[in-house]
Structure formats: C-alpha cells, structure tokens
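Asker: As a plain string of letters, each chain reads:
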Amino acid sequence: MPGPLDRNRIPMRYSIFSLAAQTLKGHRGWKPAWRDAAPKPAYDVLVIGGGGHGLATAYYLASQHGITNVAVIEKGYIGSGNVGRNTTIIRSNYLLPGNTPFYELSLKLWEGLEQDINYNAMVSQRGVLNLFHSDAQRDAFARRGNAMRLAGVDADLLDREQVRAMVPFLNYADGRFPIQGGLLQKRGGSVRHDAVAWGYARAADRRGVDIIQNCEVTGLSIDNGRITGVETTRGPIRAGKVALAVAGNSSRLAAMAGMRLPIESHVLQAFVSEGLKPLIDTVVTYGAGHFYISQSDKGGLVFGGDIDGYNSYAQRGNLPVIEDVMESAMALWPGLGRVRMLRHWGGIMDMSMDGSPIIDHTPVEGLYLNAGWCYGGFKATPASGFCFAHLIARDAPHEVATAYRLDRFATGYVIDEKGAGAQPNLH
Amino acid sequence: MRIACPHCGPRDVQEFSYLGDAKPQRPDGMDATEAAMADYVHQRDNPAGSHRELWYHGAGCHAWLVVTRDTRTHAIAAVETMAQARAGAPA
Ligand SMILES: Cc1cc2nc3c(=O)[nH]c(=O)nc-3n(C[C@H](O)[C@H](O)[C@H](O)COP(=O)(O)OP(=O)(O)OC[C@H]3O[C@@H](n4cnc5c(N)ncnc54)[C@H](O)[C@@H]3O)c2cc1C
Ligand SMILES: [Zn+2]
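Line by line, the protein sequences are chains A and B.
The first sequence begins at 1 in the working numbering and counts up by one.
The second sequence begins at 1 in the working numbering and counts up by one.
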C-alpha cells in the first residue's frame, strides 16, 4: 500500500496496458525507474549500502512503517555489489531454529514480491535439489528435511531413481561418489538478481526514498555514544539513525565507529557458460564437492563452488578454485565437458564466525548493523530488509530474527549450521 | 597467487592451507577473562590493505608461515618463518 506521495513524481505503474501503450510508441516513452537523488542535509534514517539488503530495508521502512525521510547511500551504482554478482539461488532449507523461520519468511516474501513492488524479478520456483552420496550424508539430509517440515517448510527426500527421473543427464554410471539420492525443496529456485536491486529501488523511490549513488561513506559522526550522521565524498549528512548494510565492507564501516566484528571478508567466484538451449530446469548441488548449477532464462549455465578461502577485498579470485569447480562439474555431469565457459567474476563475502548473519543494534546508539551474510545472503534479501526495517523503526528485533544478535559470539549462542567453529573459510 | 616459501621457494597457493589473521594471541589459559577469550576466538580487524596472516605449507615443508599480503590486490610483500616472525622485523 503506497504511503503519502507527491502524485506528480510517481513513475508509471507497470502493467499489460503500459506495455501495450509503449509498444505502440516504439518503447520511447519509458521513464527512468527511480530518481538519481542528490543528498539533502539531513534524514531520519540513512541506509548505507545500495545492495539488495539496503534497498529492501529502505523499501520496507517506507511501506511497512511509514518512514519515508530516508536515503540509501551507495558508493558506486546500485547493483554493483554482491546483489548483482551472486548466482541467484533462493531456498529455505536450513536446519537450526535460529535460521529456519527467518529464511522461510524470506521465501514467502519472494513468493509475493513481484506483486508487492510491481516489478518483474523473474522469481522462478524451479526447485533446489541437494544431492547426497553416502549413507551418513543421507541421514544428515533426512534430519535437515525433518527439521524443515517441523518448521512448516517443504522438503522431499528422493532416492536415486527419483533423482534420475528429474535430472537424467548426471553421472549415474561410474562416479567416484555415486549419487544415492537428494533432498529437494520444490519452492526453492532462482530470481533475476539485478531486477531485485532495480525493483526495490523503484518501489522505495515511489514512496519518497532518496537513492544516492556515487557517494561513499568515509566516516561516522558520533557524539557522546550516539550517531549524528555520516561523512561522505559528497559532504556530511545528518541523520537520526544510521543503518549499515554494506555486506563485504562491514568491517571497514564498523571500524569507523571503533568496532571490530566477528567477520572476515572473503572472495567467492561465479561462472557462466555460453548460451545454450534449455538443459536443466532446476538447481542441483553436488554433495561430494563444492559445485552447484542452474540455467538462466537467457540460456547460460550459472554455476559456482567454494570461496577462495583467504581474506580478500579484491573482487577477483584465483585459479585453484576455478579448477576445483570445473573438476566437480565434470565429476557430476560429464556432458559439461563440451560446454564453453563465457565469463567469471568474484564478489566479497562478509563471512561471519558461525556462518550466520547479524541483524542488531550496535553499542553506538542509533547505529544498526546488518552483516555476516556469507555466500547466502541473496535468498535472504526480502527478509533481511523486512527485519532490519522492523529493528530500525521499532528498536526491537523482528520475531524471526531474534537469534541474529551481535553479542551471541561472546555469550555462546552461536548459530553454526555446519558445526565448523570460528573458522570462516570452513563455513 | 604464489607464495615464496623460505624453505621450498615459490610455490602455487594450492599447496598451502589458510588459517587467518596472525595477530590474535591466545590469552593465557585459566587467567583469561571470558571477554578476552571471546575476543580472541571471534573478533578480527579484517583490514582492506596489508594483512599479516598464517599459512601452512601442507604439500611442502609442513611449516607454518607468516605472510604479509595486501587484501585489495593479493600482492605478497613478505613471507617469514615462525622463527623470523617471533624474532620481530618482517623480512
Ligand atoms: C559469486 C557469488 C555468488 C553468490 N551466490 C548466492 C546465491 O546463489 N544465493 C544466495 O542466497 N546468495 C548468494 N551470494 C551472496 C549474496 O550475493 C550476498 O550475501 C548479498 O548480496 C549481500 O547483500 P547485499 O545485496 O546488500 O550486498 P551488496 O550488493 O554487496 O551491497 C553492499 C553495498 O554497499 C556498498 N558500500 C560498501 N562500502 C560503502 C561505503 N563506504 N559507502 C557507501 N556504500 C558502500 C557497496 O558498494 C555495495 O553496493 C553470492 C555472492 C557471490 C559474490
Ligand atoms: Zn615450504
């Protein structure tokens, strides 16, 4: 439901009629989807970071809480960070009670997102199939599936023949780690990632939010333990509340407030093949190595693997991981050997010490933190924005995000899905 | 990325395992406060720039090395053995 608005500057609503009208005009009448705003001297809330999480936060502040004197500050252009670099997988197949309801809320929000923001984000619930290759792994996946079902999330345990019926082209003949079955979440799938950034930006802009690009935050202004604003490359901006949603750069922003975080920044790479006819209509993850694959609507196979495993802010990785991903690809799906790689890239992940995120207050009054998304924060985008907006507006955590506390590392209430301990490159 | 191991010479990064920041020092056993121990286990500087970090040459000499590397470019400025690192002065 739109809030109070200046009717003159509402961009057009997208519909079959606007599309037909534009078709007749040769598509020359489309207006920019959001204003390129210049910073005002002060806002009620400043959201730092124009990624998916920052833009969603601004949108839900306006749409759920009526807080519209808001700016999103982005150092580059929106979508230039991880929101435009990820492999677009969404799912809610988590094991631990701290995570499951949060990711399920996110999936529910994805299911209604396009109607809510009037933007085609190409949400495609094509299923996510996690393969298992040993008895022990089947037991672990059955346990996770049961935990999901207890929490009201869909999960199906498939045997080898059911997997073969779904994805017959995998290697069932002579794999070193034979496919024994898989855990399927039918409601999982993929979403066009840059449309998520653009759609939230447009929807936030419609409700009065300023989206300020090419504006880097260089300092946080703190007076007597309370945030008063930020320093930027386009001058100081005052604010009642400041919300950090800068993903891989979280430690750098926190350092501006004298804080250290339980986070390391690591590079994760992604790969796309040449465009092909429809080959695979679901998302498959290999359980015996680090590899997962799906196909974009444009035809490219989109796949990835593990993080490179050392601290990095470089947004590019090294060859060993590329080799590892290709080896896993060949082990799982030998036919891929005939496919040519088109491009690959990297993004900087905010790897937390337990592999789970943080949505919380900070010790600085009026400064809020949204971080620690690791390699799985794209699927979290709607719920992250929804819960962060709730925290900022009400100064209390949303009920599905109560476990995402910053102090859980000191109190021992970590949420470690893999049980890997405080070693970010193992999560 | 290639790491110039003081024992083995320049070797592909694939031969090494990464542990993390070399700075945190384990607080002394029973005397440590809970806060100091939590800080040691979880909190990191995570700088964008020069970073001193621990690598293990598992496919080579089995030595732990202290590597000084720029996290923005991956350029390696120094590789020291633990003995050199403990003695101070980066090589
Ligand atoms: C290769 C790859 C594959 C991935 N695959 C998946 C997947 O399949 N499924 C999934 O769920 N997740 C995936 N992820 C993770 C997911 O993309 C991230 O967790 C998520 O996008 C992070 O949130 P964000 O969109 O807000 O981040 P970002 O888009 O990175 O937004 C943060 C923004 O903050 C800005 N910023 C930083 N510092 C400043 C400053 N000082 N001032 C102003 N602005 C600043 C940055 O420019 C950036 O635009 C993947 C990530 C990568 C890199
Ligand atoms: Zn060596």
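Simulated from the structure, these hints should not be mistaken for laboratory data.
Be careful, since some hints might not be right.
Far from chain B, some chain A residues (derived; all Cβ distances over 10 Å) [claimed, not checked]:
1) D159
2) G235
3) R260
4) L261
5) G309
6) Y310
7) S312
8) A314
9) S328
10) R340
11) M353
12) V364
13) G419
14) P424
Heads up, simulated DMTMM-like pairs for lysine to aspartate or glutamate below, C-alpha to C-alpha not over 25 Å straight-line [said to hold, decoys possible]:
15) A/K241 x A/E399
16) A/K186 x A/E323
17) A/K75 x B/D45
18) B/K23 x A/D116
19) A/K418 x B/D21
20) A/K75 x B/D70
21) A/K108 x A/D407
22) A/K186 x A/D116
23) A/K298 x A/D135
24) A/K418 x A/E114
25) A/K418 x A/E216
26) A/K418 x B/D39
27) A/K31 x A/D44
28) A/K108 x A/D36
29) A/K241 x A/E216
Virtual Cβ for every residue (Gly too), placed ideally from N, Cα, C.
Asker: Run every hint past the structure and note whether it holds.
Answerer: Hint by hint, here is what the structure shows:
no., hint, result
1, D159, "holds (36 Å)"
2, G235, "holds (23 Å)"
3, R260, "violated (4 Å)"
4, L261, "violated (7 Å)"
5, G309, "violated (5 Å)"
6, Y310, "violated (5 Å)"
7, S312, "violated (5 Å)"
8, A314, "violated (6 Å)"
9, S328, "holds (15 Å)"
10, R340, "holds (24 Å)"
11, M353, "violated (5 Å)"
12, V364, "holds (16 Å)"
13, G419, "holds (15 Å)"
14, P424, "violated (8 Å)"
15, A/K241 x A/E399, "holds (21 Å)"
16, A/K186 x A/E323, "violated (30 Å)"
17, A/K75 x B/D45, "holds (22 Å)"
18, B/K23 x A/D116, "violated (48 Å)"
19, A/K418 x B/D21, "holds (22 Å)"
20, A/K75 x B/D70, "holds (22 Å)"
21, A/K108 x A/D407, "violated (28 Å)"
22, A/K186 x A/D116, "holds (22 Å)"
23, A/K298 x A/D135, "violated (37 Å)"
24, A/K418 x A/E114, "violated (33 Å)"
25, A/K418 x A/E216, "violated (35 Å)"
26, A/K418 x B/D39, "holds (21 Å)"
27, A/K31 x A/D44, "violated (28 Å)"
28, A/K108 x A/D36, "violated (31 Å)"
29, A/K241 x A/E216, "holds (17 Å)"
In the structure shown, a violation is registered for the earlier hints numbered 3, 4, 5, 6, 7, 8, 11, 14, 16, 18, 21, 23, 24, 25, 27 and 28, in ascending order.
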